[in-house]
Amino acid sequence: MPPALLRCLPLALLAAAALWLRTHDLALRPMHADEANQGVKTGELVEAGRYAFDPRDHHGPTLYYLGAAVAGIRGQTSLAALDETTLRLVPALAGALAVPLLVILARRRTPGGPGLSEPAALAAGAFLALAPPAVYYSRYYIQETLLATGTLAVAVALRRWGHTGRARWAIAAGAGLGLMQATKASTPLFVAAAGIAWVLSRGAARAASARPGRDLLAGLGAALATAALLYSSFGSHWAGLRDALSVYLHALLRFGAEAPPTGHEKPWPYYLQLLGWSRAGGLLWHQLALSALALAGLAIAARRRDPLLRSVAVYGVLILAAFSAFPYKTPWHAIHFTAPAALLAGLALDALGRRRAGPVLAAAVALLVAFSLGQQTRLTSFLRPADGRNPWAYVHSSRDVLKFRPLAEAARAARPGAPIRVISEEYWPLPWYLRGLPDVGYWSEAPADCSGALVIASVAHAETVRARLGGPARESFVGLRPGFLCVVFQPEP
Amino acid sequence: MHSRQLPLLLSPLLGATAFAGAPGKVPLAVEYPKPLFAGTPRPISLSNLEPAGAKRPDILVSADSKLLSRGKKVTSSDSLPVIGELSFITDGDKTGIDGAYVELGPNTQWVQVDLGASAKIDAVAVWHFHSQARVYHDVVVQISDDPEFKKGVKTIFNNDDDNSSKLGKGGDKSYVETNHGRVLPADGASGRYVRLYSNGNTSDELNHYCEIEVFGVAK
Chain A
2 MPPALLRCLP LALLAAAALW LRTHDLALRP MHADEANQGV KTGELVEAGR
52 YAFDPRDHHG PTLYYLGAAV AGIRGQTSLA ALDETTLRLV PALAGALAVP
102 LLVILARRRT PGGPGLSEPA ALAAGAFLAL APPAVYYSRY YIQETLLATG
152 TLAVAVALRR WGHTGRARWA IAAGAGLGLM QATKASTPLF VAAAGIAWVL
202 SRGAARAASA RPGRDLLAGL GAALATAALL YSSFGSHWAG LRDALSVYLH
252 ALLRFGAEAP PTGHEKPWPY YLQLLGWSRA GGLLWHQLAL SALALAGLAI
302 AARRRDPLLR SVAVYGVLIL AAFSAFPYKT PWHAIHFTAP AALLAGLALD
352 ALGRRRAGPV LAAAVALLVA FSLGQQTRLT SFLRPADGRN PWAYVHSSRD
402 VLKFRPLAEA ARAARPGAPI RVISEEYWPL PWYLRGLPDV GYWSEAPADC
452 SGALVIASVA HAETVRARLG GPARESFVGL RPGFLCVVFQ PEP
Chain B
-5 MHSRQLPLLL SPLLGATAFA GAPGKVPLAV EYPKPLFAGT PRPISLSNLE
45 PAGAKRPDIL VSADSKLLSR GKKVTSSDSL PVIGELSFIT DGDKTGIDGA
95 YVELGPNTQW VQVDLGASAK IDAVAVWHFH SQARVYHDVV VQISDDPEFK
145 KGVKTIFNND DDNSSKLGKG GDKSYVETNH GRVLPADGAS GRYVRLYSNG
195 NTSDELNHYC EIEVFGVAK
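Just so you know, the sequences run in chain order A and B.
For the first sequence, our numbering begins at 2 and goes up steadily by one.
For the second sequence, our numbering begins at -5 and goes up steadily by one.
Here chain B stands alone, though its shape is the one from the complex (with noise of 0.2 Å):
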């Protein structure tokens, strides 16, 4: 389990009340997309690993926390996507079925999502491919108001755990792709962008992205 997995509480975007062990936070609501995983997939349980399909813990943002991300523009390392394009990442649409996701080139590549303005961030959300059972290696997810992500970069989550991707050496824990996703929190870090890489995942050297979804808070 993710090291700053934070406890169980309510939605926000649903207008539930404050979670009552939290004052002023409530569990981030995120809209999962049906399963996409085509015949059998092999059994998964591993100590790191929630089951596929399985409810990992809510993660605790503030009550005004929104989704920033919807309709935003995305650029890339790949600005020229074979299939797909940018902005499928932040269309709403994640169920994962062919034309609903963007492929980019093989190595290390990232995608950005620019919320516009400068915002407090909570959580980001982030499917690559959940049509098969696969991990995304050198996944690293990073916040900043620099463009370039030059200057004050926070990283939320790395698990690059050999550095291969040269963005310093991760202690996350890799995970399966399901139709979950995975939802990081981002603990208010302040930030217009939003920086996500990958490097290939176990089934091919490709890189991909159904949707990714940024909740936070406007300044």
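The shape of chain A in the complex, shown without the other chains (with noise of 0.2 Å):
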């Protein structure tokens, strides 16, 4: 094998594995609201070839332009026939790039120079790979995953313009930033960290760029165009283009001092805690051994004259305290620690390497750092993926919802033409389910006629509901998520 290739084999095979972590069995686990709602309104997307930015309920277009993408790949031009690894496959290969973009992050280029070692540095590859919120919301319809690793390739183009001087990394980084903001309107958050981080961290380091001022204006300029590009839908709605800013004044009135609470505020150590440990129902849920090594690196890093990894530490630790410091928190949010956690525990790798000895007990570290994550992702994304006591499962629907379609689809059989009637307070993630399915009708309130093929009520509009069939039905509870249950009515003949 030529000596070129067998360099990039650890790198290759390290990528491979986050690849198949991220994408097996990507069904396995129902689908969450959230998901489910991207997922129709991906469909949406998909059957109409239209797309207009919401600023109110929903993130940025990137995602739904990459599932409608992977959707056209693999044959699917309907919401009816769209399904979970499609939509899936978008985070998972996002998930996946993630793995070797922190490996050229973090490997020095230049010896003496900043960067961890190649075995630190694949090392800190493998701990993103296994990590447990990495895998998970990799196998999840969201945004966060894109944009942790946006924001790792931003990170990498800007390390190569730094190192190069060339205009074209300061673009590549511009357009990243670009697909960043599309995808979520929080990135000002992790560019202010960033920034900040390089402030304090740069020491008397200095781009090698000839042209810096012009480069960055190039960069900047790739950025807004790239961003413009997706809020305006490639052109076709402009009004996105204004969207994409009034989403903050949304944001304002919804998370503001003067909001109502959204119900997912929580205390400030919430992610300390997802970073340590929690036993609920009998089960142990940990990210400890990485945490504890990510720890050892922030104090190495601290010490050690290294703008690279001391920028990551101090970015690692202010995203961590401004999610921290934000009351709405949700566990999703963790990914953006995951990836400077894993650098970090890859430095205090390489400075135990760098010891009498310390290479053979940096592997011995790294391979129990690696067991005991890869033991916690089998548990959170494979065994219990969906289970209530799961920190990840975040108000998660139960397997339950896997009936609805079976009971519709039996339901629409035998009564062809009556409706099929949802009548609930809450009900995604039902119209995932029911895509594709004719005279499907979603109610917060029991209408005056409740009769039809099936219908669904939550338990708090059953009696009402049920007073309004018009006649006998069979009933049946089927659950959407722990702790809320719906009645399920199947009139008689």
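In short, the hints are calculated from the structure, not lab data.
Heads up, some of the hints might be wrong.
A few chain B positions that, by computed beta-carbon distances, are all more than 10 Å from chain A [said to hold, decoys possible]:
no., residue
1, K66
2, A127
3, Y187
Among chain A residues calculated to face chain B with C-beta under 7 Å, some are [to be verified]:
no., residue
4, G282
5, G283
6, D388
7, S399
8, R400
9, D401
10, A474
11, F478
12, G480
13, P483
14, G484
15, L486
From the three backbone atoms N, C-alpha and C, an ideal C-beta is built for every residue, glycine too.
Build the complex: two chains, separate frames, hints provided.
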């Protein structure tokens, strides 16, 4: 094998393992309400070929366009034809790409230069490949993994620009930034954290570019053009540009000091607990090994005069502090700390490897951490992916939701033409599971006539619905998610 | 309401006198754990359900009826539960807190209490899991003298309305788990073994038991 290929082999194997973990059995977990919602939106794009950015209730366009692209590749041309695998391939591929990006970002490019040794950089990549939140949310059709991978891509491009001085890397970084902004409007938070981290950590480093101002302007232009292209739905919906700005006003109304509670408020140590451990229902969930090693790496980064590693350390701490400071917290934000934690853990191994007998010890520690992460990922992503005790399965649909579709199909076959009614204050992910079926309606309050081929009601509405069915019905319970039950009425012949 | 539910009577275990309306019969006394609904449960007001915490009508039992199952051996289709131990099912702890219930694997699973000798069984009480509003699917309760449940099987409860667990179609109604569990009349069925099936629940595909109590008269 040529030496160049041999050098690439460990990274290629690592990327392949990350890809397998992220793409294996993607339909295993039932759809979360947020995934279902975005899946239906993607289906509308696939069917109609049109998309309009909604600044009130949805994030940016990137996820939907990428979902539609994968659907096209897989030959799925309607919402009904879409499946879980198609949608989840988008974050899965992005999540797998994050692993080689982290290794490329972390590795030392010149002897004595900034970064990690090759084994330590590969270990950092392995930690990211195996980390429970990174795997879990790479198999989850939401924006977060795209955003985290975009951050890494921009960092890699900026590092290359700083190293080579070539304008094309600044433009690549700008395009990546534009994609991030078009993925989620929280991008400025990451930019601000990265900017502060760079200012605090750069030391005497100078850009290699002869004309850094021109390069940065070109990068900014690329960012604006990319974001504008997507927010305007490729020039077919120019109001999307205005909405891309008004999204911050909506965010202020929703999350500002005067805004009513969203129901997702949590105490500040929430993310620290996710990075540490929790015990629920007899099961232990943790990331202790990675977090402990990352903490050691943080201490080393503070002492080592390495602008790259210091930047990563400061960035990680700032992002963690910022997300902890916001009362609104959801577990998928934890993936933004995972790549910095993996890199800092790699730094701890790098430092350990420099000591006498260090390489052996570092290898042993790396294996131990990888084993611990792998065990937790097996538990969280494959054995209990929708378990209410799983800290990453946040307000997750229960496996019972898979019963709705067969019930609806049987009801349609028994009573063709009669409607299927969903009467509930909350009903996602049902529109996903009932996609493609005709005459399906959704009510938040019971209508005067509740008759139909199948009536699905929340327990809060069940009594009213029963009185308005217009005849006897067989009743059964089906869960929407833990603690939220639906009563399914099947009219008797 | 369950069709076999019987009128309110007094407790035999508290030494109460026989109920005037049914000579020789007294109400079964069951000790209930405290409610464990974490957070605010959604209001449940269905005609086939009693509200959480509401008292169900008592069950008539013989005056000399006793708790027969405490500390008795339990076997299961899932012999190595990931969480908890089968012995939890008859240890008297029905609090439902972590460490007080056993979790069996997915799909249809059963647990079986061996009373040690054949008995005339008046009632079977079961608490699956009561820290969250959930309904267990395909709950089937059977009594037999055959440990394999191949002959002489009496089914005292079956809410598998589509026969998905392949034990026969049942007409009993499903119910939301509460701290009151479910007390099922057995009408003096004779048997040494009590077997309870379930097929996951509305929250997950797993099967849980905090406690099972079997009341009756040893032969």
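*Have a go at the A:G484 hint: is there a Cβ in chain B nearer than 7 Å to its own Cβ?*
Because about 5 Å separates A:G484 from the closest Cβ in chain B, which is inside the 7 Å limit, the hint holds.
*At a threshold of 7 Å, is the proposed contact between A:D401 and chain B supported by beta-carbon distances?*
holds, 5 Å
_Confirm or reject: B:K66 is not an interface residue toward chain A, with every Cβ-Cβ distance exceeding 10 Å._
The assertion about B:K66 holds, with a minimum of 23 Å to chain A.
_10 Å cut-off, C-beta based - B:A127 kept clear of every residue in chain A_ = violated, 5 Å
*asked:* Given a cut of 7 Å on the nearest C-beta pair, is the interface hint for A:D388 held or broken against chain B?
replied: holds, 6 Å
*At a threshold of 7 Å, is the proposed contact between A:A474 and chain B supported by beta-carbon distances?*
Violated, because the Cβ-Cβ distance from A:A474 to chain B comes to roughly 12 Å (cut-off 7 Å).
*Under 7 Å, Cβ to Cβ, is where A:G283 needs to be relative to chain B, so tell me if that hint holds or is violated.*
holds, 4 Å
*Hint check: is the beta carbon of A:G480 less than 7 Å from a beta carbon of chain B?*
holds, 3 Å
*asked:* The hint names A:F478 as touching chain B; please verify it with the least Cβ-Cβ distance against 7 Å.
replied: Constraint on A:F478 satisfied, holds at 4 Å.
*Would the least Cβ to Cβ distance between B:Y187 and chain A come out above 10 Å?*
holds, 27 Å
_Hint A:G282 vs chain B: min CB-CB distance below 7 Å?_
holds, 6 Å
_Interface hint check: A:P483, Cβ to nearest Cβ on chain B, cutoff 7 Å. Holds or violated?_
Hint holds; A:P483 Cβ to chain B Cβ min 4 Å, cut 7 Å.
Going through the hint list in order, the structure does not satisfy hints 2 and 10.
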